[in-house]
Amino acid sequence: MKKRTLKLLSYFEIITLLISIIAFAFIIGDLSKEIKIVSALDIGDIIDVTSQIIPSQNLNLGCCFDKDEGLCDPNSEKADCENRTNGLFFKDKFLCDISECKQGCCILGTEAQFVTEKRCTKLSQLYGLPSKWDVSIKDEISCISKSQTGEVEMQLISSFILTSHLEGKP
Amino acid sequence: MLENKKGQLTIFIIIAVIIIAAIIFLFWFFNRMTPITPPSAGENPQVNIEHCINSQVEKSVGKIMNNSGYVKKSNLTKNFDGKDIAYLCYTKSNYARCIVIEPVLIEHIETEIYNDIKNKIDECFINLKTDLEKEGYSVTIESGMGFSINLVPGDVETIINKKITITKADETRKFGEFKINYHTPLYDMAIIIQNIVRQESLYCNSEYTLIMRANPWIEIDKFQTGDDVKIYTLKDIKTKKEIKFAIRGCVLNTPS
Chain A
1 MKKRTLKLLS YFEIITLLIS IIAFAFIIGD LSKEIKIVSA LDIGDIIDVT SQIIPSQNLN
61 LGCCFDKDEG LCDPNSEKAD CENRTNGLFF KDKFLCDISE CKQGCCILGT EAQFVTEKRC
121 TKLSQLYGLP SKWDVSIKDE ISCISKSQTG EVEMQLISSF ILTSHLEGKP
Chain B
1 MLENKKGQLT IFIIIAVIII AAIIFLFWFF NRMTPITPPS AGENPQVNIE HCINSQVEKS
61 VGKIMNNSGY VKKSNLTKNF DGKDIAYLCY TKSNYARCIV IEPVLIEHIE TEIYNDIKNK
121 IDECFINLKT DLEKEGYSVT IESGMGFSIN LVPGDVETII NKKITITKAD ETRKFGEFKI
181 NYHTPLYDMA IIIQNIVRQE SLYCNSEYTL IMRANPWIEI DKFQTGDDVK IYTLKDIKTK
241 KEIKFAIRGC VLNTPS
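Sequence lines, in order, name chains A and B. So for the first sequence, our numbering puts the first residue at 1; every next one is plus one. So for the second sequence, our numbering puts the first residue at 1; every next one is plus one.
Watch out, some of these pointers could steer you wrong.
Listed below are the simulated BS3-like cross-link pairs for lysine-lysine, each with C-alpha atoms no more than 27 Å apart in a straight line [as the list claims (entries may be wrong)]:
#1 K78/A / K72/B
#2 K138/A / K122/A
#3 K5/B / K73/B
#4 K122/A / K238/B
#5 K5/B / K2/A
#6 K59/B / K118/B
#7 K179/B / K67/A
#8 K174/B / K129/B
#9 K93/A / K92/B
#10 K93/A / K122/A
#11 K241/B / K78/A
#12 K73/B / K78/A
#13 K6/B / K59/B
#14 K5/B / K7/A
#15 K235/B / K59/B
#16 K122/A / K241/B
#17 K59/B / K83/B
#18 K5/B / K3/A
With the C-beta cut set under 7 Å, the calculated list includes, among others, these residues of chain B facing chain A [as the list claims (entries may be wrong)]:
#19 I20
#20 G62
#21 R97
The set of hints was computed from the structure by calculation and includes no laboratory data. In this text, a Cβ means the ideal position worked out from N, Cα and C, and glycines have one as well.
Please model the complete structure; the sequences and the hints are all you need to start from.
Spelled out as structure tokens, the structure:
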């Protein structure tokens, strides 16, 4: 009788142990997926890519302006740009030194991004936030740092109060 | 003897606790594994279509993320880490700025998804009709259809204009527009890719650390190979989704 109980007990323990192993493996299974070993230098890097040639040899380069998103792609090919519904091509302006691509600081709510005026308007539409584009800020670092101080919020709030006041709104 | 019995009782209690815990765990586990069944077609055709379209969009987005912005593998790739990574800015010449391969990137991605799913949309409507008819509905689906794909922050938006009339007993319901959103960081990642490509084609480099500072949700990794090709890896910290792309520009001649 005692022997039988012990036998039963050991079966119970084995089954419990098996269930626990499966459960534990399942739980850590999710975590192990994220562990990835990346080699610093792969042999594939040595493969030559010079055999891969851009299809068109007669390149007609310029600036491609995305008139919907307000983004500028310098050094773009005319055909590639004009193939797109929203692509506006500026011949020879491959550095995108055109007024459409002039960047300024877009103050959007409490955030700030260094983008074109059109992009600033687009962001305002996308996020449903009021925006202000400031061309006097000439670089990205000064623009981003604006968002991280409370300066941006204060500027917007005060400009709204001022606009409302001038328009006679309550 | 009494002590022995007490010991046995303790063991049995422990085993009982373990078994109960195991049952609770298995119950929770199977509950989690059971897929959420969508409502029947008749109950909500919008959800039925949404489920079908989103599974197609999901596949397309997956391919685009895997192939650096393309549904099918690009012809212009760099083999890195055993995988072909598409060039998004490339010049074969040395001492030259790279040429943007896909200007108006957002529209390019929208077109890629559009072309990949356009044939599957009809299949979704055919399946919907079959499901509805099985539920005893009489279905009329107009043959014409207009649809568009829009990449917006956080989503791929599919808008389908198709007229459907379903009738059962005296009840008739009409549907005309289906607006379906698939949640993905693709748009935001594409904007960052465009920015890196723009900087690389202009300045032969990118301020990717600054981009990360402005977009703390993304992790950008740049690896320069032995032959001066740059491999960028963008990883959305929240969803762990990533895109890799290659750039070859401003390459200096290596002295032999």
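We went through each hint and held it up to the structure:
1. Restraint check for K78/A and K72/B: satisfied, since their Cα atoms lie roughly 23 Å apart, inside the 27 Å limit.
2. As the CA atoms of K138/A and K122/A are separated by approximately 20 Å, the hinted pair is consistent with the 27 Å bound.
3. For the hint pairing K5/B with K73/B, the CA-to-CA distance comes to about 71 Å; that exceeds 27 Å, so the pair is violated.
4. Between K122/A and K238/B the alpha-carbon distance is near 25 Å, which keeps this suggested pair within the 27 Å criterion.
5. Restraint check: the Cα-Cα separation between K5/B and K2/A comes to about 11 Å, which is no more than 27 Å; the hinted pair holds.
6. Taken as a hint, the K59/B and K118/B pair is honoured in the structure, with Cα atoms around 13 Å apart against an allowance of 27 Å.
7. Among the hinted pairs, K179/B with K67/A is consistent with the structure: their alpha-carbon atoms are about 24 Å apart, no more than 27 Å.
8. A hinted pair counts as satisfied when its Cα atoms are at most 27 Å apart, and K174/B with K129/B qualifies at roughly 13 Å.
9. Of the pairs offered as hints, the one joining K93/A and K92/B holds, with about 21 Å between alpha carbons and a cut-off of 27 Å not exceeded.
10. For a cut-off of 27 Å, the pair hint linking K93/A to K122/A stands: about 23 Å separates their Cα positions.
11. A distance of roughly 32 Å separates the Cα atoms of K241/B and K78/A; the hinted pair therefore is violated under the 27 Å criterion.
12. A distance of roughly 23 Å separates the Cα atoms of K73/B and K78/A; the hinted pair therefore holds under the 27 Å criterion.
13. Between the alpha carbons of K6/B and K59/B the distance comes to roughly 60 Å, so the proposed pair goes past 27 Å and is violated.
14. As the CA atoms of K5/B and K7/A are separated by approximately 16 Å, the hinted pair is consistent with the 27 Å bound.
15. The suggested pairing of K235/B with K59/B holds, with an alpha-carbon distance near 18 Å, which does not exceed 27 Å.
16. Taking the CA atoms of K122/A and K241/B, the gap is about 25 Å. The hint holds against a cut of 27 Å.
17. Proximity of K59/B to K83/B is assessed by CA-CA distance (about 19 Å); at most 27 Å being required, the pair is judged to hold.
18. Pair hint K5/B plus K3/A holds up; C-alpha atoms about 14 Å apart against a cutoff of 27 Å.
19. Because the beta carbon of I20/B sits about 11 Å from the nearest beta carbon in chain A, more than 7 Å, this interface hint is broken.
20. Because the closest C-beta pair between G62/B and chain A is about 16 Å apart, greater than 7 Å, the hint is violated.
21. A hinted interface residue such as R97/B counts as satisfied when its beta carbon comes closer than 7 Å to some beta carbon of chain A; here the least separation is about 5 Å, so the hint holds.
The structure shown violates the earlier hints numbered 3, 11, 13, 19 and 20.
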